[in-house]
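*Asks:* Residue numbers (full-length UniProt numbering), protein chains in the order written: chain A, 1 to 702; chain B, 1 to 325.
Worth flagging that the hints you see were computed from the coordinates, not collected in a lab. Fair warning: this is a prediction, and the values are worked out from it, not measured in the lab. Every residue, glycine too, gets a C-beta built ideally from N, C-alpha and C. Certain hints may be false.
Here are the simulated distance ranges between beta carbons [to be verified]:
no., chain 1, residue 1, chain 2, residue 2, range
1, B, 161, A, 377, 51 to 57 Å
2, A, 497, B, 203, 18 to 24 Å
3, B, 161, A, 200, 26 to 32 Å
4, A, 171, B, 291, 18 to 24 Å
5, A, 62, B, 105, 45 to 51 Å
6, B, 291, A, 466, 26 to 32 Å
7, A, 207, B, 203, 18 to 24 Å
8, B, 136, A, 281, 34 to 40 Å
9, A, 519, B, 278, 39 to 45 Å
10, A, 395, B, 170, 18 to 24 Å
11, B, 278, A, 379, 27 to 33 Å
12, B, 278, A, 580, 18 to 24 Å
13, A, 134, B, 88, 44 to 50 Å
14, B, 203, A, 246, 52 to 58 Å
Derived BS3-like pairs: lysine-lysine, alpha-carbon spacing no greater than 30 Å straight-line [stated by the list, open to error]:
no., chain 1, residue 1, chain 2, residue 2
15, B, 168, A, 661
16, B, 84, A, 48
17, B, 54, A, 41
18, A, 48, B, 232
19, B, 162, A, 89
20, A, 48, B, 218
21, B, 28, A, 89
22, B, 74, A, 48
23, B, 195, A, 616
24, B, 28, B, 44
25, B, 65, A, 97
26, A, 97, B, 54
27, B, 65, B, 54
28, B, 232, A, 43
29, B, 123, A, 663
30, A, 89, B, 44
31, B, 195, A, 41
32, B, 28, A, 701
33, B, 181, A, 187
34, A, 409, B, 123
35, B, 162, B, 232
36, B, 44, A, 218
37, A, 218, B, 84
38, B, 162, A, 701
39, A, 89, A, 187
40, B, 195, A, 463
Now for the letters of each chain:
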Amino acid sequence: MKANLNLITLALLAASSSAMAAETETKQVVSYGLAHANTAKVKFAAWKCGRCEANTGTEGTITVGVGYADADDVHAANALGTDDTFAYKLNADVGYKSESGYQAEFNALNLGMDSSRAELSAGKAGQYDINLNYRTIKTYTTDDALTPYQGVGGNDLTLPSNWVTAGTTDGMTMLATSLNPVELSLKRERAGIGFNLEGDSLWSTYVDYQRENKTGLKTASGSFFNQSMMLAEPVDYTTDILEAGIKLRGDYWFTALSYSGSVFKNEYSVLAFDNAFNPTFGAQTRGYMALDPDNEAHTVSLAGVYNDGTMSLQGRAYLGQMSQDEPLVTSGYGYQLPAEAVDAQVDLTGIDTRVTYRLTRSLRLQGSYDYYDRDNQTQVEEWTQISINNVNGTVAYNVPYDHSRHRAKLQADYRITSGVKLDGGYEYRRDDRSYQDREVTDENNLWARLNYTSLENWDFRLKADYGMRDGSRFQASELTSTENNELLRRYNLADRQRTAFEFTVTHTPVDTVTLDLSTRYALDDYDETEIGLTESEDFSYDLSLSWQAGKDLLLTAFYGAQTIESQQNGSSNFSGPTWTSNIEDEFSYIGAGARYDNLMADKLTLGVDYNYGDSKSNTQVTQGITGSYGDYYSRSHSLNLYGEYLISEQATLRMDYRMEKYKDNDPANSIAPDDIWNVLSFGNLNHDYNAHLVMVSLQYKL
Amino acid sequence: MKINKTLKGLLAMVVMAFATAMPATAAKWDDKMSPQEVEAVLDKKFVEGKYSPKGADSCLMCHRKGEGVMDIFKGPHGDMTHSKGPMAGLQCEACHGPMGSHNRGGKEPMITFGSESSLSPEKQNSVCMSCHQDDERMNWNGGHHDNADVACADCHNIHVAKDPVLEKQTEVAVCTNCHTKQKADLHKRSAHPMKWAEMTCSDCHNPHGTLAEADLNKPSINKSCYECHAEKRGPKLWEHAPVTENCVSCHNPHGSVNDGMLKTRAPQLCQQCHASDGHASAAYLGNTPFGGEVGNNAFTGGRSCLNCHSQVHGSNHPSGKLLQR
Numbered sequence: 001m002k003a004n005l006n007l008i009t010l011a012l013l014a015a016s017s018s019a020m021a022a023e024t025e026t027k028q029v030v031s032y033g034l035a036h037a038n039t040a041k042v043k044f045a046a047w048k049c050g051r052c053e054a055n056t057g058t059e060g061t062i063t064v065g066v067g068y069a070d071a072d073d074v075h076a077a078n079a080l081g082t083d084d085t086f087a088y089k090l091n092a093d094v095g096y097k098s099e100s101g102y103q104a105e106f107n108a109l110n111l112g113m114d115s116s117r118a119e120l121s122a123g124k125a126g127q128y129d130i131n132l133n134y135r136t137i138k139t140y141t142t143d144d145a146l147t148p149y150q151g152v153g154g155n156d157l158t159l160p161s162n163w164v165t166a167g168t169t170d171g172m173t174m175l176a177t178s179l180n181p182v183e184l185s186l187k188r189e190r191a192g193i194g195f196n197l198e199g200d201s202l203w204s205t206y207v208d209y210q211r212e213n214k215t216g217l218k219t220a221s222g223s224f225f226n227q228s229m230m231l232a233e234p235v236d237y238t239t240d241i242l243e244a245g246i247k248l249r250g251d252y253w254f255t256a257l258s259y260s261g262s263v264f265k266n267e268y269s270v271l272a273f274d275n276a277f278n279p280t281f282g283a284q285t286r287g288y289m290a291l292d293p294d295n296e297a298h299t300v301s302l303a304g305v306y307n308d309g310t311m312s313l314q315g316r317a318y319l320g321q322m323s324q325d326e327p328l329v330t331s332g333y334g335y336q337l338p339a340e341a342v343d344a345q346v347d348l349t350g351i352d353t354r355v356t357y358r359l360t361r362s363l364r365l366q367g368s369y370d371y372y373d374r375d376n377q378t379q380v381e382e383w384t385q386i387s388i389n390n391v392n393g394t395v396a397y398n399v400p401y402d403h404s405r406h407r408a409k410l411q412a413d414y415r416i417t418s419g420v421k422l423d424g425g426y427e428y429r430r431d432d433r434s435y436q437d438r439e440v441t442d443e444n445n446l447w448a449r450l451n452y453t454s455l456e457n458w459d460f461r462l463k464a465d466y467g468m469r470d471g472s473r474f475q476a477s478e479l480t481s482t483e484n485n486e487l488l489r490r491y492n493l494a495d496r497q498r499t500a501f502e503f504t505v506t507h508t509p510v511d512t513v514t515l516d517l518s519t520r521y522a523l524d525d526y527d528e529t530e531i532g533l534t535e536s537e538d539f540s541y542d543l544s545l546s547w548q549a550g551k552d553l554l555l556t557a558f559y560g561a562q563t564i565e566s567q568q569n570g571s572s573n574f575s576g577p578t579w580t581s582n583i584e585d586e587f588s589y590i591g592a593g594a595r596y597d598n599l600m601a602d603k604l605t606l607g608v609d610y611n612y613g614d615s616k617s618n619t620q621v622t623q624g625i626t627g628s629y630g631d632y633y634s635r636s637h638s639l640n641l642y643g644e645y646l647i648s649e650q651a652t653l654r655m656d657y658r659m660e661k662y663k664d665n666d667p668a669n670s671i672a673p674d675d676i677w678n679v680l681s682f683g684n685l686n687h688d689y690n691a692h693l694v695m696v697s698l699q700y701k702l
Numbered sequence: 001m002k003i004n005k006t007l008k009g010l011l012a013m014v015v016m017a018f019a020t021a022m023p024a025t026a027a028k029w030d031d032k033m034s035p036q037e038v039e040a041v042l043d044k045k046f047v048e049g050k051y052s053p054k055g056a057d058s059c060l061m062c063h064r065k066g067e068g069v070m071d072i073f074k075g076p077h078g079d080m081t082h083s084k085g086p087m088a089g090l091q092c093e094a095c096h097g098p099m100g101s102h103n104r105g106g107k108e109p110m111i112t113f114g115s116e117s118s119l120s121p122e123k124q125n126s127v128c129m130s131c132h133q134d135d136e137r138m139n140w141n142g143g144h145h146d147n148a149d150v151a152c153a154d155c156h157n158i159h160v161a162k163d164p165v166l167e168k169q170t171e172v173a174v175c176t177n178c179h180t181k182q183k184a185d186l187h188k189r190s191a192h193p194m195k196w197a198e199m200t201c202s203d204c205h206n207p208h209g210t211l212a213e214a215d216l217n218k219p220s221i222n223k224s225c226y227e228c229h230a231e232k233r234g235p236k237l238w239e240h241a242p243v244t245e246n247c248v249s250c251h252n253p254h255g256s257v258n259d260g261m262l263k264t265r266a267p268q269l270c271q272q273c274h275a276s277d278g279h280a281s282a283a284y285l286g287n288t289p290f291g292g293e294v295g296n297n298a299f300t301g302g303r304s305c306l307n308c309h310s311q312v313h314g315s316n317h318p319s320g321k322l323l324q325r
């Protein structure tokens, strides 16, 4: 039958379906929601649940694991979850419930490892609960960034007392003996407490508080005119977030008034560093960099929805404010400041609305409108720029950027038959910006999507998208870009034609096998741009297979590939294009897995997961001759072999072997610290390692 | 019937796409009735409101040995002490609809859920949404998953002690069953730490829909990023315009073949917007047959433009106009 399906059949099908739909239209119930239920005849007094199970008491599992890791590069800890040789972890999933309904739950995942989380909650369902939560994430860049600076970890970086400055890095005679490796890594540690209280029917309220500390080191660069040093910037941030709100609900409506506040504090407001080079302009021997300032953000929002099953009306309005008044850096500045602190403030206003309306059984309409406004209230002042910045003590004015956006969407979905659905829409967006080359951009977008699932073993989905952006005249003003080439069109403002397609097919030859193929293509054509990004093309596809090869054996495989090609033009004589750049990013990914359950009389499970990621980027620049940016890549193999053995009803032993083979290259940083005459770098930051982790864990069932 | 087959096709797609945890099988009435007929019966029963004489006991009389049925009591939906849960109201029939004559041989349709149900996702979801209309789900209608005909039961399973999609360790796997591009992306050279569930999709997105783009939890892209990157929020004295407007102008949060989740590396990324007379306009050729090397000069080596303009996210230094200090 499926083989004979053609357009005529489709048309007949559509007609018959429409007729059937029309027939039942009048009797249709729009929702099976409880608010619509006819419970007039229910005799609740006779309802008892003798067969229901209360499941009270304590149950769950606790797992403890110990592991041994073998890695000679700290970067491996991103994959293995630990940078220690010996690791341990605690997993828990324990719940308690009393007969009267008091409940408590404790969940933990990888506690003791670098990235972990835990939550303890207690309360009475539908009435109140309190929860405590904890979460950590640690990421590693390298443990081999070479620096001659002392005081790493703090905000005063000094060179050794015997340091010999020079005009070029290779003249720094004490460099080789002064270099020490430092670890660039960042750890987040978050703890929170939350409380929910619910009324009998109408209202509920909540308050959540969390504090996150982020600590570690990241890369910064300190510069004097055209000479620069890579620096280990200390990260010691504390962010407090408080969220609270009250919610009201009825049968067909819901509304919430909420507050969200975030207070960010940086332990360090300035990073001071010695000049490793001979002082040039201004005879500066010390540099001072302003670090991210303490700041606050507060948002109050009111949201609501009305939904009667046929129509849904949704809306949200919010007012926000972001501000900071960190005292300005004065060390090494030497000019009069117009204010001791910036006292910066940005006001945010947003309104989002959406309506969906089911017109008939087959047709649904949607419309939405969003408004967003960023109003930077910061006072504009005169700021004298330090002469070594090559602008020679000129006065500059800060530019408080404003931005507002209107966005409207109309959309319809029409079910031609139960297996064929067509939807499409139109979107309009207008952005208004201050102090930019182009103050207004308009974007129009049309899209359509067809879902075809009428064939028994095949499903298809096709989506096409076309968008066009233009806007007001490009006009460089003194505050935007007097110094820029007037032919430059920044890609976030430029005219653009965007074409995109997506096609997905799913095939199930037999019940146990599923094959998926997805392809995507997108072309951004900046057709009016002479200088800047002119084109970007993105093509990707992936194939996946899932095969339940037996009752207990599941096999999966995945392959994905992507190519992004971009072209841009530049001008080295400040007029029309004289050079071009072509960038080709390529990525491929392979994933495979197998899991065999219930071996050895239902006691043993064996499994394997393997992932391979291959990232490459090739940049070529042509101006008369063509040069390339070398072999920029990363390749990672991740393997996890595991076995679980049921020792007893209560105890399960699990063994994991994880292997991470990783190699990357960045020709820009495949260098010694003094390879660039005017950049004192961290040296070679590439990785090439093979790391292993063996972990044995015991799960105990309560 | 053809209609039956076409709907099964639709349902098969949902099955494959979401690989639900619950091993559902088609109801026995599906062989003899078209989906339209099933729905018509369910509509009629719902309006008539012929609920069972004894509530859950009436249902469990036959169904207690069914696969997963009793597991409802391990989760919140079977919690008999929950004052607002189904067990405090219409019990099994709160979700599965009035029993009507279903107890006479089980041939009369009941409301069923998941990929094997012949009922439209919209109709299935109307049951769930009647209780779960709250701040997390108030924008379901018109959200990404609603538009894609995803049923609540495609991702969720309530007849279990633990719903896999609510477990942080398995959440990403559930989402990337459909979102295959994102599945691959997280294995790129740089990506948010999601490969081992340190972060999960729901840290940024609400699968139940929001009024923000990409169903983000927060009202805008930048506000979403500031949740964890509050140091970038400022507002700083010297702002970098695209940074204040949209982090995604330069970064791809799902991953990139470049470090720092950058769409393009410096200097090309910077030169797409900066072409002032002088060093910003020059062609940097990299490795050439004439001795040029990527790593031997400050424009392409090391951190490229960031060697000097380190403060690309804005500077709060009085002399920070050029984002150098």
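*Asks:* Does each hint fit the structure? Answer for all of them.
*Replies:* For each hint, the structure was consulted:
Residue 161 of chain B and residue 377 of chain A have their C-beta atoms about 52 Å apart, which keeps the hinted 51 to 57 Å range intact. Distance hint check for residue 497 of chain A and residue 203 of chain B: the Cβ-Cβ separation is about 34 Å, which falls outside the suggested range of 18 to 24 Å. Distance hint for residue 161 of chain B and residue 200 of chain A: a CB-CB separation of about 28 Å, consistent with the stated range 26 to 32 Å. Checked against the given bound of 18 to 24 Å, the beta carbons of residue 171 of chain A and residue 291 of chain B, roughly 21 Å apart, stay inside it.
Between residue 62 of chain A and residue 105 of chain B the beta carbon distance is about 46 Å. The supplied range of 45 to 51 Å therefore holds. Checked against the hint of 26 to 32 Å, the C-beta distance between residue 291 of chain B and residue 466 of chain A comes to roughly 47 Å, which is inconsistent with it. The given range of 18 to 24 Å is respected by residue 207 of chain A and residue 203 of chain B, whose C-beta atoms sit roughly 21 Å from each other. One distance hint, 34 to 40 Å for the beta-carbon pair residue 136 of chain B and residue 281 of chain A, is violated here, with the actual separation near 57 Å.
One distance hint, 39 to 45 Å for the beta-carbon pair residue 519 of chain A and residue 278 of chain B, holds here, with the actual separation near 44 Å. Between residue 395 of chain A and residue 170 of chain B the Cβ separation comes to about 58 Å, which falls outside the hinted range of 18 to 24 Å. Checked against the hint of 27 to 33 Å, the pair residue 278 of chain B and residue 379 of chain A passes, with Cβ atoms roughly 31 Å apart. In this structure, residue 278 of chain B and residue 580 of chain A meet the distance hint of 18 to 24 Å, their C-beta atoms being roughly 20 Å apart.
For residue 134 of chain A paired with residue 88 of chain B, a C-beta distance near 33 Å fails the hint of 44 to 50 Å. Take residue 203 of chain B and residue 246 of chain A: their Cβ atoms lie about 25 Å apart, and the range 52 to 58 Å is violated. Restraint check: the Cα-Cα separation between residue 168 of chain B and residue 661 of chain A comes to about 26 Å, which is no more than 30 Å; the hinted pair holds. This hinted pair checks out: residue 84 of chain B and residue 48 of chain A have alpha carbons roughly 17 Å apart, not beyond 30 Å.
Of the supplied pair hints, the one linking residue 54 of chain B and residue 41 of chain A holds, its CA atoms being roughly 12 Å apart against a limit of 30 Å. At roughly 58 Å between alpha-carbon atoms, residue 48 of chain A and residue 232 of chain B are farther apart than 30 Å, so this suggested pair is violated. For the proposed pair residue 162 of chain B and residue 89 of chain A, the alpha carbon gap of about 21 Å is at most 30 Å, so the pair holds. Straight-line distance between C-alpha atoms of residue 48 of chain A and residue 218 of chain B comes to about 44 Å, which puts the hinted pair past the 30 Å bound.
With a C-alpha separation of about 47 Å, the suggested pair residue 28 of chain B and residue 89 of chain A falls outside the 30 Å cut-off, and the hint is violated. Only pairs whose Cα atoms come within 30 Å are accepted, and residue 74 of chain B paired with residue 48 of chain A is accepted, the gap being roughly 19 Å. For the given pair, residue 195 of chain B sits about 19 Å from residue 616 of chain A by alpha-carbon distance, which is consistent with the 30 Å threshold. This hinted pair checks out: residue 28 of chain B and residue 44 of chain B have alpha carbons roughly 19 Å apart, not beyond 30 Å.
Taking the CA atoms of residue 65 of chain B and residue 97 of chain A, the gap is near 24 Å; set against the 30 Å cutoff, the hint holds. For the proposed pair residue 97 of chain A and residue 54 of chain B, the alpha carbon gap of about 26 Å is at most 30 Å, so the pair holds. A distance of roughly 18 Å separates the Cα atoms of residue 65 of chain B and residue 54 of chain B; the hinted pair therefore holds under the 30 Å criterion. Taking the CA atoms of residue 232 of chain B and residue 43 of chain A, the gap is about 60 Å. The hint is violated against a cut of 30 Å.
Simply put, residue 123 of chain B and residue 663 of chain A have alpha-carbon atoms about 51 Å apart, too far for the 30 Å limit, and the pair is violated. This hinted pair does not check out: residue 89 of chain A and residue 44 of chain B have alpha carbons roughly 55 Å apart, beyond 30 Å. Straight-line distance between C-alpha atoms of residue 195 of chain B and residue 41 of chain A comes to about 53 Å, which puts the hinted pair past the 30 Å bound. For a cut-off of 30 Å, the pair hint linking residue 28 of chain B to residue 701 of chain A is broken: about 37 Å separates their Cα positions.
Annotation: proposed proximity of residue 181 of chain B to residue 187 of chain A holds, straight-line Cα distance about 28 Å (limit 30 Å). Distance check on the hinted pair: residue 409 of chain A and residue 123 of chain B sit about 25 Å apart at the alpha-carbon level, within 30 Å; holds. For the proposed pair residue 162 of chain B and residue 232 of chain B, the alpha carbon gap of about 37 Å is over 30 Å, so the pair is violated. About 65 Å separates the Cα atoms of residue 44 of chain B and residue 218 of chain A, which puts this hinted pair outside 30 Å; it is violated.
Under the criterion of a C-alpha separation no larger than 30 Å, the hint pairing residue 218 of chain A with residue 84 of chain B is inconsistent with the structure, at around 50 Å. Distance hint between residue 162 of chain B and residue 701 of chain A is fulfilled; the C-alpha atoms sit about 15 Å from each other, no more than 30 Å. As the CA atoms of residue 89 of chain A and residue 187 of chain A are separated by approximately 18 Å, the hinted pair is consistent with the 30 Å bound. Annotation: proposed proximity of residue 195 of chain B to residue 463 of chain A holds, straight-line Cα distance about 29 Å (limit 30 Å).
Hint violations for this structure: numbers 2, 6, 8, 10, 13, 14, 18, 20, 21, 28, 29, 30, 31, 32, 35, 36 and 37, all remaining hints satisfied.
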